[in-house]
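Now for the letters of each chain:
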Amino acid sequence: EPEVTQTPSHQVTQMGQEVILRCVPISNHLYFYWYRQILGQKVEFLVSFYNNEISEKSEIFDDQFSVERPDGSNFTLKIRSTKLEDSAMYFCASSDQGWAGNTIYFGEGSWLTVV
Amino acid sequence: AQSVTQLGSHVSVSEGALVLLRCNYSSSVPPYLFWYVQYPNQGLQLLLKYTTGATLVKGINGFEAEFKKSETSFHLTKPSAHMSDAAEYFCAVNNAGGTSYGKLTFGQGTILTVHP
Chain A
1 EPEVTQTPSH QVTQMGQEVI LRCVPISNHL YFYWYRQILG QKVEFLVSFY NNEISEKSEI
61 FDDQFSVERP DGSNFTLKIR STKLEDSAMY FCASSDQGWA GNTIYFGEGS WLTVV
Chain B
1 AQSVTQLGSH VSVSEGALVL LRCNYSSSVP PYLFWYVQYP NQGLQLLLKY TTGATLVKGI
61 NGFEAEFKKS ETSFHLTKPS AHMSDAAEYF CAVNNAGGTS YGKLTFGQGT ILTVHP
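Heads up: the sequence lines are chains A and B, in that order. Note that my numbering gives residue 37 to position 37 of the first sequence, counting from 1, and the numbers run on in steps of one. Note that my numbering gives residue 48 to position 48 of the second sequence, counting from 1, and the numbers run on in steps of one.
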């Protein structure tokens, strides 16, 4: 069964460093997302991306964050200067359609620890 | 605005017993409702969803959920728990149109433990 894959599964980084989390969405999907879950908190929407541009972003997704589809298969989340509060599980997701009832497929997550 | 509340962060049942995981939502417009499951070291997997039509929705692994508009609920049930059902379960809602199609709002999750 097709799946969303994410790398790395776990990354530890120093505060202030840049981090890039990588994702390979399901191959025929055109809509891409990042969510995050801080330990003990709810899974939160960060950003949606379609046709090489951001469709929507949450208030969490400030100027420190950026997303990119550098080629035909990868989708990345960059955190420019990490803060302690960026420590969380980051989920990449994708879907084949852009409507609110469509199924969104999630990857296994990348656990980011900022020290 | 939309929100989801899952009653009970931990639920424990015996193998073979009924599983009931509660989810209530708030939404200003008719919602789309989802249940996702996360097994250890795995991603979020869709169990089932309600969009339109029949309010009783059947999903994978014998789970089902009923959309009750009058109670703003979407509780997840399974008649007989199996050890392999042990996981964390997330209820989510989406009722936005336009460019907010991917903006799921999640509940805090319920960890289901199944005892032999």
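It is possible that part of the hints are untrue.
[Unchecked claim] Only pairs whose alpha carbons sit at most 30 Å apart, straight line, appear in this in silico BS3-like list of lysine-lysine:
(1) Lys58/B to Lys42/A
(2) Lys68/B to Lys49/B
(3) Lys42/A to Lys49/B
[Said to hold, decoys possible] To be clear about the criterion: a stretch of chain A counts as covered by chain B if any three or more of its residues have a C-beta under 8 Å from a C-beta of chain B, and this derived list gives those stretches:
(4) 44 to 51
(5) 68 to 76
[Unchecked claim] Beta-carbon label-pair distances, calculated as ranges:
(6) Pro2/A to Ala1/B: 32 to 40 Å
(7) Leu18/B to Ser66/A: 43 to 51 Å
(8) Glu85/A to Glu15/B: 35 to 43 Å
(9) Glu85/A to Met83/B: 35 to 43 Å
Simulated from the structure, these hints should not be mistaken for laboratory data. Positions of the beta carbon are idealized from the N, C-alpha and C atoms, including for glycine.
Evaluated hints:
| no. | hint | result |
| --- | --- | --- |
| 1 | Lys58/B to Lys42/A | 25 Å, holds |
| 2 | Lys68/B to Lys49/B | 13 Å, holds |
| 3 | Lys42/A to Lys49/B | 19 Å, holds |
| 4 | 44 to 51 | holds (count 3) |
| 5 | 68 to 76 | violated (count 0) |
| 6 | Pro2/A to Ala1/B: 32 to 40 Å | 33 Å, holds |
| 7 | Leu18/B to Ser66/A: 43 to 51 Å | 47 Å, holds |
| 8 | Glu85/A to Glu15/B: 35 to 43 Å | 40 Å, holds |
| 9 | Glu85/A to Met83/B: 35 to 43 Å | 37 Å, holds |
Of the numbered hints given earlier, the model fails hint 5 alone.
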